[in-house]
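*Asks:* Okay, here's what each chain looks like letter by letter:
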Amino acid sequence: MIATQFLILAAALFALGVYGLLVRRNAVLVLLSVELMLAAVNINLVVFEAMWRTSEAIGQVFAIFVITVAAAEVGIGLAIILMIFRNRQSANVDELDLMRW
Amino acid sequence: MTHSFLFAAEEIAHAGDGGWWADTAGIMLVSPFVAFLAILAFGKRLRYNGAEFAIGALAINTLWALVLFFMNMTEGVLREPFTFKVGDIGSGLVFELGWAVDGLSIMMYLLVNLVGLLVFIYAVGYMEGDRRVPWFFAAFSLFAGSMLLLVGAPNLIQLIIGWEGVGLASYLLIGFYWEDHENVNAGNKAFMVNKLADVGLLLGAVLVGVALGTFDFAALNTAATEGHAGLSAVAIAGGALLFFGAMGKSAQFPFHIWLPDAMAGPTPVSALMHAATMVTAGIYLMARTFPLYQQMATDLRPWMVAIGTITLFAMGLLALVADDIKKVLAYSTVSQLGYMMTAVAAGGYTAGLFHLFTHAFFKALLFLGAGSVIHAVHSNNMSDMGGLRKYMPRTYATFVIGALALAGIFPLSGFWSKDEILATLGHEGYTAVMWIAIAGAFVTAFYMTRAVALTFHGTYKGHGHPHESPAVMTVPLIALAIPSVLAGLLNIPGVEWPGIGNFTEWLAVRVVPMGDHHAEAIDFFLAGVGTLAAVAGIVLGWLIFAPDRDTQQERDRFEVPVLYPLFRRKYYMDDLAMGISRFTMGPFARFVNWTNTYIIDGIVNGVGGVVYHLARFIYGGVDQRGIDGIVNGLSAVADAAGSGLRKLQTGRVQQYAASFVMGAIVLVIVFVLVR
Amino acid sequence: MMGEWLSQPVNWVYLVVGVLTLVSAYRVVTSQNVVHAALFLVAALGGVAVNFILLSAEFVALVIVLVYIGAVIVLFLFGIMITRAPTGLDVALDNDKKLPAALISLLVFAVLSYASITTFGTAELVDIGTATDTATLAQGFVGRFVVPFEVVGFILLAALVGGIAIARRDLTPLEEEARRSV
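Protein chains in written order, with my numbering: chain A, 1 to 101; chain B, 102 to 776; chain C, 777 to 958.
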């Protein structure tokens, strides 16, 4: 196996996540896309770990950290979306433009 | 500075040096100026409006003058003038200031200070309640100081300074009541005529100074007598011009025109300046520089005598027609100045100056007396007077004394001085002039009798309640009457009083002796003729002008057909002067006015207009549009930029995310991949 | 080179799993059904976990499955449930900026791929055989990265508390009254 194959996979996942981030209207789906991106990042980390085999498996440790933080972030994000939904009866991000000019 | 003292005459040989009093005599020249400043500063607040300073200054001066005079009487005072060098003028000439101490100066110091003091005291009463009294005494003090500068001048330059000073003071005081335009005109006339003559004075001084290499009088006279035989043409021209200047100040024909008009000033001014002192400055100058004239190859003296004679006679006649009592006295003064100038020019140094001396006393007396009358009657004109002898006895008595002295009646002072003049004229060969002078004495007596009769005799024609003047005014009158009577005794020909000598000796004490004619005995013939002329004048005058006892009418309408209108028009001299000035100066004045209005004002207005338009342009174009435009423009740009840029804030998260990603990609490309 | 690569069975597995992952990921971002999108994410994450196993990162793979799929996706589904608009699935799920977004994502992919290829080329992963020892990971957590470990713990605590605080329903005035009187 070469490292590049995984890296390209990760790049593709990241790109798809970006697409979803920019395109999706539902806030939850945006968060979903963000999860995709984070998954891609995890792959990168683990690949580099596999390449250089450090003594403490730094890549993997960090991948776990990323997962943990992602989980926390999702929790908060959904709480916020819940509040928005309660106030506006809609989770449409297009409508959340009060901080405009 | 060294002089060579020529002790040719015995009187000078043993002259003293005046001691401490001569050392400090400069105080006389300074104190009136100090008084001037003090009066300006404090005069208003004082009880007598600053007269205290003026009288104080002159009192101090009189003390010095008396002491010096007595010293001169007893032992003679002659020393180098005190001088302080102010600067170099070039080609060996220096500018010095100081005071002279010799017989001539000492006599003048006494005269100016004593008569001045008495007039000042008189003026306190005369000017009581008048307007601007502090200024009066200030200007009067200025005059006194300038006159002392003049008579105490050791050189021509200081003399000129004093000369101009008295001219200024004269102008200020003649025009004292400037609310009346007439008075202003009189002041201008006096100043301008004097200024015209002063051109001669200045040029003459320069020429003489350059020709003889010095301005100092002693050196000048010494150089004239010792060195340059006949004197160069430059010096002669200078001497002529100096005489020209003297003519102006001493009102010799034809420069006399200002003196009658100068009567517009307050009477004390007339008394002091235009009778006793200022007008004598010209005579004094001639006396001072006379060695010059004695040495000239082209003898100017006959011309000077001629002018003096004309003045003497022609002006006396004008006194016959004047209604204003001060004008009578003014013409009389001009006439007497003619006597003095004639005497000096004819070589009668002592005669002329003695007459100056006595004339100062009795003319001042007459003027002050006239002032007393004017003060009581509130009018200058004799047609408003009459019979005042009953109301103003002291004024009357002193006035009569003055009039008799002026007429030259024995044994009053005027007799002796006039007699000496006649003697000098005869002795020097000016016989025709002598007879004219005798005729002049007749005229003098005649018009003075007229004046006395019209003023003090007959019935009072005015409307007021005349009363005698207060003591402050009558005491000076009496004080002046005394020398008017007695001064003659100082110079009886051939008489030398023990221990003090006589006037001739006192005057002779100077660096270059005059060598003039000293009469050794009274010439009884001349004395008799002179007295006869005077008495004849009085008698005739009384006959014509005295009130008619029967009808109490006065024949004051006496008229000589052709002559009197001529006299009234003052020989058309004023018209002539006006015509000349209009003819010569008129176009010039118009040209200057045109230049001023169109060219100078045009330039000024043009500049103003340019500035105005420039300012408008700067305001409108540059400031409003330009600078404000830039400032407003900048703010508009900022505003537009802001308006434009704020559209970026859409509030949409995904848009922000997009730009975020793009930014990251760009950065990655630039920094990582392109390397 | 390609032949050599294909000859290894690992790479066949990789290809299959990779395609599945990519397709699932694609369906995540383009599905018109929210729930479908979430479920497709499950599949994608599963694929990712298999990749991790291929890379000898077994522990990480299991963490993915447990935490991500097990907890996060469930959370997502709950969130979807709560925020489903009454009008249902009629609303389009994509905004109108699909083309620019596609371009941007392509650009991202291009840049990242380029970077990867030029940096690593055909570098082999040689030391891949042995499985990662969990002890090594544990050693890393409590040894070198103990501080981040603790911090992440705090983050989780904060997220917990924060989530509750944010999503709590405001008390009505009546309930407030009742509470205060207690």
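I should point out that these hints are in silico values taken from the structure, not numbers from a laboratory. It is possible that part of the hints are untrue.
Claimed, not checked - Cross-link-like lysine-lysine pairs, in silico, DSSO-like; alpha carbons within 30 Å at most:
no.	chain 1	residue 1	chain 2	residue 2
1	B	Lys296	B	Lys671
2	B	Lys296	B	Lys491
3	B	Lys145	B	Lys186
4	B	Lys562	B	Lys671
5	B	Lys145	C	Lys874
6	C	Lys874	B	Lys748
Said to hold, decoys possible - Where chain B lies over chain C, by a calculated footprint (3+ residues, C-beta under 8 Å):
no.	stretch
7	832–841
8	869–877
Glycine residues also receive a C-beta, built at the ideal position from the N, C-alpha and C atoms.
*Asks:* Hint by hint, note whether the structure agrees.
*Replies:* Here is what the structure says about each hint:
| no. | hint | result |
| --- | --- | --- |
| 1 | B:Lys296 <-> B:Lys671 | holds, 22 Å |
| 2 | B:Lys296 <-> B:Lys491 | violated, 45 Å |
| 3 | B:Lys145 <-> B:Lys186 | violated, 37 Å |
| 4 | B:Lys562 <-> B:Lys671 | holds, 27 Å |
| 5 | B:Lys145 <-> C:Lys874 | violated, 105 Å |
| 6 | C:Lys874 <-> B:Lys748 | holds, 21 Å |
| 7 | 832–841 | violated (count 0) |
| 8 | 869–877 | holds (count 4) |
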